[in-house]
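Chain by chain, the residues:
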Amino acid sequence: MHNGLHIFVIDDEPAFVEPTLALLSLEGFRVTGALSGVEALRRLSHPDTGKVDAFLIDFRMPGLNGGETLTQIRAAGAHGRAILVSAAADVERIAKEFGFDDSVRKPCDLDDLLAAIHRCTGSRSADDARVD
Amino acid sequence: MKFHLATPPPESDAVLAAWHTFVRSGQISPVVRTHIRQAWARSRAHGCSPLLPRAEVLSPADTIALLKREARLVEIASPFLGALSRAAGSERHAAMLGDADGRVLKIVADSLTVRDEQFPRAGSLLSEAAAGANGIGTALADGHYVELIGPEHYIEGFHAFTCQGVPLYTAPGEAIGVISMSVRRIEAADRIRDILFCASEAAECELLSAHFSDTLMRQGGTDAVLEALRQDIVQRIASTRFQLEIAARRIASGDSASGVLLDAERLIRRFRRQAGIWRNLVDDTIGSPEPVAVHDLVAEFIDLMQTEGRINGVTLREHRIDPAFALDDVRALTRRLLTAVLDSLQRAARDSTLDFSVGVDPGMDDVVIELAGTDQSGAAFAFEIRAPLLGRSTSNPAF
Numbered sequence: 000m001h002n003g004l005h006i007f008v009i010d011d012e013p014a015f016v017e018p019t020l021a022l023l024s025l026e027g028f029r030v031t032g033a034l035s036g037v038e039a040l041r042r043l044s045h046p047d048t049g050k051v052d053a054f055l056i057d058f059r060m061p062g063l064n065g066g067e068t069l070t071q072i073r074a075a076g077a078h079g080r081a082i083l084v085s086a087a088a089d090v091e092r093i094a095k096e097f098g099f100d101d102s103v104r105k106p107c108d109l110d111d112l113l114a115a116i117h118r119c120t121g122s123r124s125a126d127d128a129r130v131d
Numbered sequence: 000m001k002f003h004l005a006t007p008p009p010e011s012d013a014v015l016a017a018w019h020t021f022v023r024s025g026q027i028s029p030v031v032r033t034h035i036r037q038a039w040a041r042s043r044a045h046g047c048s049p050l051l052p053r054a055e056v057l058s059p060a061d062t063i064a065l066l067k068r069e070a071r072l073v074e075i076a077s078p079f080l081g082a083l084s085r086a087a088g089s090e091r092h093a094a095m096l097g098d099a100d101g102r103v104l105k106i107v108a109d110s111l112t113v114r115d116e117q118f119p120r121a122g123s124l125l126s127e128a129a130a131g132a133n134g135i136g137t138a139l140a141d142g143h144y145v146e147l148i149g150p151e152h153y154i155e156g157f158h159a160f161t162c163q164g165v166p167l168y169t170a171p172g173e174a175i176g177v178i179s180m181s182v183r184r185i186e187a188a189d190r191i192r193d194i195l196f197c198a199s200e201a202a203e204c205e206l207l208s209a210h211f212s213d214t215l216m217r218q219g220g221t222d223a224v225l226e227a228l229r230q231d232i233v234q235r236i237a238s239t240r241f242q243l244e245i246a247a248r249r250i251a252s253g254d255s256a257s258g259v260l261l262d263a264e265r266l267i268r269r270f271r272r273q274a275g276i277w278r279n280l281v282d283d284t285i286g287s288p289e290p291v292a293v294h295d296l297v298a299e300f301i302d303l304m305q306t307e308g309r310i311n312g313v314t315l316r317e318h319r320i321d322p323a324f325a326l327d328d329v330r331a332l333t334r335r336l337l338t339a340v341l342d343s344l345q346r347a348a349r350d351s352t353l354d355f356s357v358g359v360d361p362g363m364d365d366v367v368i369e370l371a372g373t374d375q376s377g378a379a380f381a382f383e384i385r386a387p388l389l390g391r392s393t394s395n396p397a398f
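Residue numbers (numbering that gives the first Met the number 0), protein chains in the order written: chain A, 0 to 131; chain B, 0 to 398.
Since the hints were made in silico from the structure, they are not lab data. We treat Cβ as the ideally placed atom computed from N, Cα and C, and that holds for glycine. Misleading hints may appear alongside valid ones.
As the list claims (entries may be wrong) - Beta-carbon label-pair distances, calculated as ranges:
{"hint": "1", "chain 1": "B", "residue 1": "Thr338", "chain 2": "A", "residue 2": "Gly62", "range": "22 to 28 Å"}
{"hint": "2", "chain 1": "B", "residue 1": "Glu186", "chain 2": "A", "residue 2": "Gly76", "range": "51 to 57 Å"}
{"hint": "3", "chain 1": "A", "residue 1": "Asp111", "chain 2": "B", "residue 2": "Val30", "range": "47 to 53 Å"}
{"hint": "4", "chain 1": "A", "residue 1": "Lys95", "chain 2": "B", "residue 2": "Ala159", "range": "51 to 57 Å"}
{"hint": "5", "chain 1": "B", "residue 1": "Ala159", "chain 2": "A", "residue 2": "His78", "range": "55 to 61 Å"}
{"hint": "6", "chain 1": "A", "residue 1": "Ala74", "chain 2": "B", "residue 2": "Ala331", "range": "28 to 34 Å"}
{"hint": "7", "chain 1": "B", "residue 1": "Gly142", "chain 2": "A", "residue 2": "Glu96", "range": "26 to 32 Å"}
As the list claims (entries may be wrong) - Subject to a maximum C-alpha distance of 25 Å in a straight line, what follows is the list of computed SDA-like cross-link-like pairs (lysine to any residue):
{"hint": "8", "chain 1": "B", "residue 1": "Lys67", "chain 2": "A", "residue 2": "Val103"}
{"hint": "9", "chain 1": "A", "residue 1": "Lys95", "chain 2": "B", "residue 2": "Lys67"}
{"hint": "10", "chain 1": "A", "residue 1": "Lys50", "chain 2": "A", "residue 2": "Leu34"}
{"hint": "11", "chain 1": "A", "residue 1": "Lys95", "chain 2": "B", "residue 2": "Gln230"}
{"hint": "12", "chain 1": "B", "residue 1": "Lys67", "chain 2": "A", "residue 2": "Lys50"}
{"hint": "13", "chain 1": "B", "residue 1": "Lys105", "chain 2": "A", "residue 2": "Leu34"}
{"hint": "14", "chain 1": "B", "residue 1": "Lys67", "chain 2": "A", "residue 2": "Asp111"}
{"hint": "15", "chain 1": "B", "residue 1": "Lys67", "chain 2": "A", "residue 2": "Asp108"}
{"hint": "16", "chain 1": "A", "residue 1": "Lys95", "chain 2": "B", "residue 2": "Lys105"}
For reference, chain A alone in the conformation it holds in the complex (with noise of 0.2 Å):
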């Protein structure tokens, strides 16, 4: 389990939002999401979404992209850490030229969002008992 560590994830797809976050939910996460960088900016500065640890952050949306949607998150004054989550063959480098601390390609499974979110929170990932 992750000690409750706040997680929020923005997409313009709510078939990936819904279920991501379910998932994260379940493996102890305290979760909000965002279907897009407007929404997720209004969401932050309600008073109940309070402190997030880590942004999962698509890039290719309407409205703000993913990097212009973290520019404003930190204008905000919001400092979780951000992992940019993008089908973007070049997600890495986009990642470090809008700043992000980690990146994601899509399609990805929930451990490469758990391995991404410890990199960067330090959070302990949840132990996988299959044996392959």
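Go by the hints and put chain B onto chain A.
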């Protein structure tokens, strides 16, 4: 997906007796299900012995070389094997990936099965020629989903298992591998069947997606629009892994996963439709005229372009789409459509709508696609694409 009709399996004792008769005399009892009879006959024709205790295994060096050659297939299929394994919960099980020749590439299993020296491992030969009827070899031989229960397996060493296999295709007729699931209890096999179908389809989509990346790399990766659309298509399936993960956890805990699997299936179908359009856009060869259901093409194209439209602040909308069939090179027509949409998006005002219409111009015997929008000055504009009409606008027998 094509698979054998749900023929109820005969009593296991009757099949076991039939298997013993087959081993002694070569006669196959009609009590054995048809696809199994055919698989046994093929296995015997290959010269495979039913008394093998286990499958043959490649040498360590050959296994390493095989895994190196098939690294991409293994990488792409591995998350789905993991989901299948988690769906099995505490059951004895093995989720396996085989290559196109029935060689095992990877197994994700419970620890007891992994330690079972009789059980196949990476490098095991499970083609029907090598190991007789089994979940991997028979799925490849039949070209579709198969299920083998206990003594329906050809070699005695596999009689303890119920195995299901689904071949993986990225193009019709040529399997590139197979995903199979082996469990000890038939009840567990029943619970896992739907997620196995879904996982194999999702793996096929990801293989296609990887192929698209290769295609763009070969072309120098310079076409930003095609790369952006590729990302949108990948976005369609990026969530299927997570949905399968949720489904796996529900199945493992005895809950229903049908709703989640239906959502995943919908995304997979949407991916396949959009992938077909994307391939047409990338393929710049000149094709022959063929019947094209233009109304379907436009509807799917609008779906593919939705994100690009929203990024440009423009809503893409079906205005009036009448059934219309053209005789045209579908790739060229799709590229003309893309050019018109991109031109329209450049011209359209933010927060405006781009309306698509499809109809027939009977005077010219043309199918007409019209894109109508409003530019930054508030003036209306329209683009028109024409294709030769195949027939009349309704219920064309060619379709």
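A quick look at each hint next to the structure:
1. Range check, Thr338 (chain B) to Gly62 (chain A): about 26 Å between beta-carbon atoms, so the 22 to 28 Å window is met.
2. Checking the proposed 51 to 57 Å range against Glu186 (chain B) and Gly76 (chain A) shows it holds: the Cβ atoms sit about 55 Å from each other.
3. Range check, Asp111 (chain A) to Val30 (chain B): about 48 Å between beta-carbon atoms, so the 47 to 53 Å window is met.
4. Between Lys95 (chain A) and Ala159 (chain B) the C-beta distance comes to about 52 Å, which sits within the given range of 51 to 57 Å.
5. The beta-carbon spacing between Ala159 (chain B) and His78 (chain A), approximately 56 Å, falls within the hinted interval of 55 to 61 Å.
6. The hinted window of 28 to 34 Å between Ala74 (chain A) and Ala331 (chain B) is violated, with their beta carbons roughly 47 Å apart.
7. Between Gly142 (chain B) and Glu96 (chain A) the beta carbon distance is about 47 Å. The supplied range of 26 to 32 Å is therefore violated.
8. Of the supplied pair hints, the one linking Lys67 (chain B) and Val103 (chain A) holds, its CA atoms being roughly 24 Å apart against a limit of 25 Å.
9. A distance of roughly 31 Å separates the Cα atoms of Lys95 (chain A) and Lys67 (chain B); the hinted pair therefore is violated under the 25 Å criterion.
10. Annotation: proposed proximity of Lys50 (chain A) to Leu34 (chain A) holds, straight-line Cα distance about 19 Å (limit 25 Å).
11. For the proposed pair Lys95 (chain A) and Gln230 (chain B), the alpha carbon gap of about 19 Å is at most 25 Å, so the pair holds.
12. With a C-alpha separation of about 45 Å, the suggested pairing of Lys67 (chain B) with Lys50 (chain A) is violated against the 25 Å cut-off.
13. Taken as a hint, the Lys105 (chain B) and Leu34 (chain A) pair is broken in the structure, with Cα atoms around 37 Å apart against an allowance of 25 Å.
14. In summary, the hint linking Lys67 (chain B) to Asp111 (chain A) is supported, as the alpha carbons are separated by about 22 Å, within the 25 Å threshold.
15. Simply put, Lys67 (chain B) and Asp108 (chain A) have alpha-carbon atoms about 22 Å apart, close enough for the 25 Å limit, and the pair holds.
16. Taken as a hint, the Lys95 (chain A) and Lys105 (chain B) pair is broken in the structure, with Cα atoms around 34 Å apart against an allowance of 25 Å.
Checked against the numbered hints given earlier, this structure breaks hints 6, 7, 9, 12, 13, 16; the rest are met.
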